[in-house]
Each structure stands twice: as C-alpha cells, then as structure tokens.
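Here the structure of chain A is known, so what remains is to put chain B in place on it, guided by the hints.
Chains as they are written, first to last, in the numbering used here: chain A, 1 to 129; chain B, 1 to 380.
Please note that the accuracy of each hint is not assured.
Said to hold, decoys possible - BS3-like, lysine-lysine: derived pairs with alpha carbons at most 30 Å apart:
#  : chain 1 : residue 1 : chain 2 : residue 2
1  : B       : 288       : A       : 23
2  : B       : 316       : A       : 54
3  : B       : 210       : B       : 41
4  : B       : 309       : A       : 61
5  : B       : 309       : B       : 349
6  : A       : 54        : B       : 309
7  : B       : 316       : B       : 194
8  : A       : 54        : B       : 210
9  : B       : 212       : A       : 54
10 : B       : 349       : B       : 194
11 : A       : 54        : B       : 250
12 : B       : 288       : B       : 23
13 : B       : 316       : A       : 61
14 : A       : 61        : B       : 210
15 : B       : 40        : B       : 349
16 : A       : 16        : B       : 288
17 : B       : 288       : B       : 40
18 : B       : 320       : A       : 54
19 : B       : 212       : B       : 316
20 : B       : 349       : B       : 316
21 : A       : 61        : B       : 195
22 : B       : 195       : B       : 320
23 : B       : 320       : B       : 288
24 : B       : 41        : B       : 23
Just so you know, the hints here were simulated from the structure itself, not pulled from any lab data.
Here are the chains, one letter per residue:
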Amino acid sequence: MNPFNLLQVSESVIVKSAEMAEKDPHGAIITLVSVSVVFVALIVLYFAYTLIGKFSSGEIKFRKPEKKKAKEAKGAPDGEIAAAIALALDQEMNGEVYAAISMALHQYLNDTVHDNESYIITIKRKHQI
Amino acid sequence: MNTIFESLQQFFQYTGFASMTYKHAIMIFIGIVFIYLAIKKDWEPLLLIPIGFGMIIGNIPFVPGLNIGIYEEGSVMNILYQGVQTGWYPPLIFLGIGAMTDFSALISQPRLMLIGAAAQIGIFGAYIIALHMGFTPAEAGAIGIIGGADGPTAIFLSSKLAPHQMGAIAVSAYSYMALVPVIQRPIMLMLTTKKERLIRMAAPRQVSQKEKIIFPIVGFILTAMIVPSGMPLLGMLFFGNLLKESGVTKRLAETARGPLIDVVTILIGITVGCSTQADEFLTGDSVKIFLLGLLSFVIATMCGVLFVKFMNLFCKEGRKINPLIGNAGVSAVPDAARVSQNVGREFDKNNHLLMHAMAPNVAGVIGSAVAAGILLSFLG
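Okay, chain B solo, but in the shape it has when bound:
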C-alpha cells in the first residue's frame, strides 16, 4: 500500500499540476482568449488559433530533461522551431504572399507607393521611444518593426536582433494585426474632415500582362540593390509574384499560395505560440513591448493619413487622394485596405476605396521588408 502511495506521489511530481504556477495559468488563459477571439470574432483565425493553441502547448509545465520542450535541443518542437529561430519560415510566407497578391493597383497608380513609405515612420518612431525606455538598439529595432504590421517580417528581424524577445514581439505584431479595424478607425476619423472623406478617386487604368511580369523583376532588382540585407524577404515576395504573373508556372504559384503557405503558417503559428513560455514571456519587458507595438501602429497609421493630406496639397482637383487610404500604408494585407473601404462607405455608400487602398497596402509590404533590411544592416 505504501509503495503504491509513493509511486503515485512520484508520478504526481511528473505531472503538470505539480509544477503549475500562476504565470503558466495566465498564459494558458491568454491562449484560450486568442482561440475565442479567432472563432467568435473572426479576428485573424488563421494566425490566432495556431498561436493560441501553441501558447497552451508551451505553458504546460513539465520536468526538464524529458526532451519535449521547445527550448530543449533535439525535441520535436525544437526542430520545428528552427524555422523561426534561423529565420527561414518568414521568407516562405513572403513567397506565398507574393503568389497571392495582385499588384495591379500599385502598378497603375505608382504615386500611391509613397504612402507605403510614409507609414514605415511608425517603425522608427517606436524605435526612438524604445531606446528611451531602456532597450538596446538591437532590441529597439526588433520592437519597432511591429509597426510595419507584418508578422513574418517581425519574426524575421527579431530572430536576428532580439531572439529572447521574439515571442512577445510576434504575439504583439499578430495581435495588433488582428485589431487593425479597432486601432485604425478612430485615428482615421480624428485626422480627416468630412469633405476629405468624400473625395472620389478616378478608377485605376488597366494594367497589361507585360507590365505585371516586368513588375517583380524590376522591383526586386531595384529594392535589393538599395537594401541587399532585405533580399530574403524581397526576393521571395517578388519571386512569388513572378510565379503568379508569368502565366506559365500556375502549378508552382498555386503551391506557393496554397499548400506551402498553409503548412508554414501552421508551423510558424504553433511554434511562436509555444515559444511564449511563462518564465520568458510574462515579464515587465513584454508589457513594454506590447505598449510600444501599439504606439508604433498608431504612429504608422497617423503618418500614412497625414502624408496623403500632404500629397493632396500638390495634387490638382480631380487627382486628389482620399486620405482614408492612408492607413493602408501599413502592410497588414488586405485588412488595412478593408478598413479604408469600410470607413469610406460609412460616409458615401458608393465610394469604393478598396482598389485604391490596395496600392499603399502592398507598397507597405515592400516598405516594411526594406525597413527590416535597413535595421538589419545597421544592427545585425
């Protein structure tokens, strides 16, 4: 009888209940909230469900040495985590994004590309504030990139500059991407007048197939020449787009935008979620990172909208840009563009801004990859 009791007691020491702390409970609760928001509110379900469940996996306490934890070398989760750690998942995601994105709106209205550049100021605004909050330049750079509203870029850069904060940065980036409609709408309304919100933009011109094929080739050569350190992201983005537009690699394009991006999204989501172990994640720094991430989103949105207003000072009547597409300069594709469309239609039901907003939105993808490349060349 005594032996049975001792065996049970010994077994209990191996269970998660024995090592459970309030921090683990909080992280598991956050994971469940993510899953709830994804299912009930439909907020980025493709990301929040894998991340949310990954959080639960990563915060089940266990006795070290069983070779099951994400940070234990050689464990299954650790092997899957290598794609995040060494930064080869994000370029594969970019390949898929390139293969599913239609750049026609951008090609037909290249001037809207500048909005995508203006919105990247959010990254550097957060960088300055992070420096003043006591983070090192490398950490500040990794935190600032949250303002690019681009999960894969945030993971790519933080894996190089601040791997110890990658969990907080990735979760923060994806959370705010899911909250784009909530964060951006009040800023857009605050910075625009009713008259500006009613501006109607001319329909974009038709883009030929030849232009669509030239776009990724020229785009890659020019941007990679300026920022070679952004090559993994830019190369895969434009390569994916060439697969789509060449017209002769349909199978490859379908794989890149279908099964491949799905597999990598599952792996990146679950491992990033899993990496948020309570001991590492629930710290004062994580709270600061969340705060800075929000700030960088706000600054990026403000800069995008204000830059459109600035551009309008030089535009002739009939060529003016509706400032409601300024928010789309961040690279949350196509969520930010959808926000422009929805807010625009609140004031004029027949004013469809989606196609126009897609131009700065995809420019934002290029801009954030360029910004990540610059930060990497300075700090990496």
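Excised from the complex, chain A in its bound form:
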C-alpha cells in the first residue's frame, strides 16, 4: 500500500480545480466574487447588529398599545363608568364612602393599586433554648 494514499485529493476537488483553471486562469473572477461575498456577509451582520443595538439601547421602540384601550377592548370599566358609580353612591351614601370608592376605582384604573414585591423571603431563625 502506498503510504501516501491518505494524502490523495478527492475526485471532485480535481475536477473543480481543473474547471477553475480553465475558466479563471488568473484567479481574478474567484477573487472578485469571494471578496464581495465576504464583504456582503459581514455587511449583513453589520446591519443586523446595528439594528439589534438600536432596539436594545432604546433608540428604536416598538409602540405598545395603550393600557386604557386594551382594557376597553376587554370591557373593563373606564373613567366615565367610575364617575357614574361615584355619582350613584353620592346619592345613596355620605361623602366619605363615595370618596373612598372613587379613589379605589381611580387607582385600579390607573394600575397603581399593586405595589412591587421584592420577592425576597427572609426567614429569621428562631432561637431555641
């Protein structure tokens, strides 16, 4: 067995290389095409990362639908309904009650009811005697 058998070039390489030697003996075409493709690949990446960077840094923002409109779509009570409830309560009860309910409704509609929890649970070990 020829010890250098492992170093033989595959058939397709020989064929393609011969074709290229005939079509492009000076290597100008392959150089032009290859350099262009390398540039195109990296220019595409350049645009992609520039865009991602702009989104990430907040230069470009997606417009979020307003919460109020979203709630309207779901049939949630809006400000006018709250005012009507407050007016009805005004006729039925004293001023303090309707003021408290109106405030609660106002806070609910403006999403300010919930506070942000830290999600950190602290456990104090009980001292045992």
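Positioned in the frame of chain A, the structure of chain B alone reads:
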C-alpha cells in the same frame, strides 16, 4: 562471535541511524528551533511545542512496515491523524474559541466588522500569486488561507483541497501567527502618520446580556445562509459562544474552552508536526508555500490598515478610527489585537486600543471562516 556481530548489524539496520538522511536532520533541527522559540521567546508555546515535538517524532527514520508511521494505516499516530485528515479537529477548536471569546467589542461597534472583511483580501492576493507560481487552483486556495492567520481554518481547508501540502501550510500558518508582532508592526508604522496613530476612539457602549445571546444565533443563521460550506466552522464558533453567553450552560462552556480545546490542541499540534515527514515536507513547494504565507500575511495587514484609512474619509470628527487597529482584521486572536495595543501605546501611553482592536479581530475569525467556505464551495 560472528552470529552476535551479524545480529548487531541486523539490529542496526532497524535503528533510525541507519536510515537517517540530512533531510531528517534538518526537520529535527527545525522542531528543536520551534521548541526553543516557544520556551525562550514565548511565541505561541501552546502550538509550537506540540508541533515542534511532533516534527521530531515524524522525522525519526524507521523501516516501513512496522505500522508506526503517521501515514501507515492503522498505526496509533495514523488514527490520531484522522481528526486532521477528515477535518473534525478544527471545528472542535472553533467550539472552544467561541466559548472563550467575548464578542462585546464587536456587538457594540458593528462598523469595525468591515475591517475584518478587508483583511481577508490577503487570502485572495496570495491565491492569485500562487496561481502564477504554478500551483493548481485547489492548492492556491489552500495556500492563500494562511493569510487568514487562522491555524484551524488553514488545516480544515487544506485537508479538503490540498492534503499533500497540509503539513507545510499548517506549519507556515502557525509560524506566522507566532510572528504576528514581528511582521505587522513595521507595516502598521509604514502605512500610518503620527497624527493618525494618536487618534483616540470613544469608549464602546455597554452591551446587554440579551444582545450577547442574540449575537451567536443571528450571526450563525445569516453567515451560514450566505456560505453553507463554512457551516462546520461557523456553527461550532457561534455554538460555543452561545454556551458562554446563555448563562445556563456554564459547565459545557467551561469544558469547551478548557479540557476539550486543550485535548484537541495537543492532538492537532502533535499530528500536524508529525505529518511533516522530511520526504514530503522538504521540497521546493514547501519553500514557496512559506513565501506565499508571508506574502498573504503582509497583504492582509496592509489591507486592514488601509481600509481603516478609507473608512476615516467618511467618518465625522470624533468618530474616526485609529488605523493601528486595522492589522487586527486578521484572525490571530488576541495576538493581533495586542499588537495594536502595544504599538498604540508607543505613541500615546494613555491610548488603549485593545478593546477596539478586538472587534475587527473577532470579525476576522468570522471572515476567515466565511472565506474558507467560499473557497470550498468553488474548489471542493
């Protein structure tokens, strides 16, 4: 007495001394020089020591048929060499490179990516010259890739296009990678003015974790779609980076950038060194390959620096790029970026170019893998 003498004589025929030629001696000497440079000068020791010792192993003469040579089917060295021959070591190296590389500099300044593209012109400059020196297109492509300054890519491509020249190409690529500071510095100084060397670049912006995770996914899809033949290298590079940046695969990332890349580096170094058997290696073609490799490095560095100067023509004041980072467009990571930093600090001690130079440097890794893919699709 006569029998003893005959036995000794017979044994001597089996020793390396009996078959030793001056070519073997030269190759063993080159191997020792590599080891010396790695230890004394600290030039790419992780590569030069395995390659240097591999050269010594590969050039101990022996009687064929003992099933010990790297080219003898079924021998231990031959089995280890399959990773080089069939091209599955280089993608594993790329996996490790991806897992150890921080692409933040590139993500924060994507425009610097184009420098990495410009430096790849060195590959094709050498390709044209190699064609005119009498190499076939496939051989010229394998030789040209030395200009990418990327050892694994050079091995990957030459194993497909010119396996008979892989030893010379790999040794040439790794030697020049070790010599990056020596080769690039004079070119950088020759092509830049003192004023240009003092340009200070704005600090790159902070990159979010989300961007770092998106980078390998988008990067792979886009580049592999353009050049599917580069998929083994690009896929492993970006996959390794995803392991690093996802934050949930730390163990895998540590394995890829630690034990795995170390094992493959040892195997690739020793087998590539071993493949440089004197009969195959010490030829006129090898000398030409070394010369062309040097030329492609020079062209790549020149193109990188000149392209930055060209980009500066369109940059507003304050956004100009220091052309000393142009050399880093070749993919010798992070050596080329270190050269930018060191040369920059020679002229302004407070001008730190390393972070900026890392952007074209890692773009060069992507660029050389893309270039290898293109050459493979044309010639493979």
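A quick look at each hint next to the structure:
For the proposed pair residue 288 of chain B and residue 23 of chain A, the alpha carbon gap of about 24 Å is at most 30 Å, so the pair holds. For a cut-off of 30 Å, the pair hint linking residue 316 of chain B to residue 54 of chain A stands: about 20 Å separates their Cα positions. Pair hint residue 210 of chain B plus residue 41 of chain B does not hold up; C-alpha atoms about 41 Å apart against a cutoff of 30 Å. A distance of roughly 34 Å separates the Cα atoms of residue 309 of chain B and residue 61 of chain A; the hinted pair therefore is violated under the 30 Å criterion.
Restraint check: the Cα-Cα separation between residue 309 of chain B and residue 349 of chain B comes to about 22 Å, which is no more than 30 Å; the hinted pair holds. Proposed proximity of residue 54 of chain A and residue 309 of chain B is supported: the alpha carbons are some 26 Å apart, at most 30 Å. Using a Cα cut-off of 30 Å, the hinted pair residue 316 of chain B and residue 194 of chain B holds, with the two alpha carbons roughly 19 Å apart. At most 30 Å may separate the alpha-carbon atoms for a hinted pair to count; residue 54 of chain A and residue 210 of chain B meet this at roughly 13 Å.
Distance check on the hinted pair: residue 212 of chain B and residue 54 of chain A sit about 14 Å apart at the alpha-carbon level, within 30 Å; holds. For the hint pairing residue 349 of chain B with residue 194 of chain B, the CA-to-CA distance comes to about 14 Å; that is within 30 Å, so the pair holds. With a C-alpha separation of about 28 Å, the suggested pair residue 54 of chain A and residue 250 of chain B falls inside the 30 Å cut-off, and the hint holds. About 17 Å separates the Cα atoms of residue 288 of chain B and residue 23 of chain B, which keeps this hinted pair within 30 Å; it holds.
A C-alpha spacing of about 26 Å is found between residue 316 of chain B and residue 61 of chain A, which places the hinted pair at or below 30 Å, so the restraint holds. The hinted pair formed by residue 61 of chain A and residue 210 of chain B meets the criterion: a straight-line CA distance of about 16 Å does not exceed 30 Å. For the suggested pair residue 40 of chain B and residue 349 of chain B, the alpha carbons sit about 27 Å apart, so the restraint of at most 30 Å is met. Restraint check for residue 16 of chain A and residue 288 of chain B: the C-alpha separation of about 23 Å stays at or below 30 Å, so the hint holds.
Restraint check: the Cα-Cα separation between residue 288 of chain B and residue 40 of chain B comes to about 28 Å, which is no more than 30 Å; the hinted pair holds. A distance of roughly 20 Å separates the Cα atoms of residue 320 of chain B and residue 54 of chain A; the hinted pair therefore holds under the 30 Å criterion. Straight-line distance between C-alpha atoms of residue 212 of chain B and residue 316 of chain B comes to about 28 Å, which keeps the hinted pair within the 30 Å bound. A hinted pair counts as satisfied when its Cα atoms are at most 30 Å apart, and residue 349 of chain B with residue 316 of chain B qualifies at roughly 25 Å.
Our distance criterion of 30 Å between C-alpha atoms is broken by residue 61 of chain A and residue 195 of chain B, whose separation comes to about 40 Å. As the CA atoms of residue 195 of chain B and residue 320 of chain B are separated by approximately 12 Å, the hinted pair is consistent with the 30 Å bound. For the hint linking residue 320 of chain B to residue 288 of chain B, the alpha-carbon distance of about 39 Å lies beyond 30 Å, and the restraint is violated. With a C-alpha separation of about 26 Å, the suggested pairing of residue 41 of chain B with residue 23 of chain B holds against the 30 Å cut-off.
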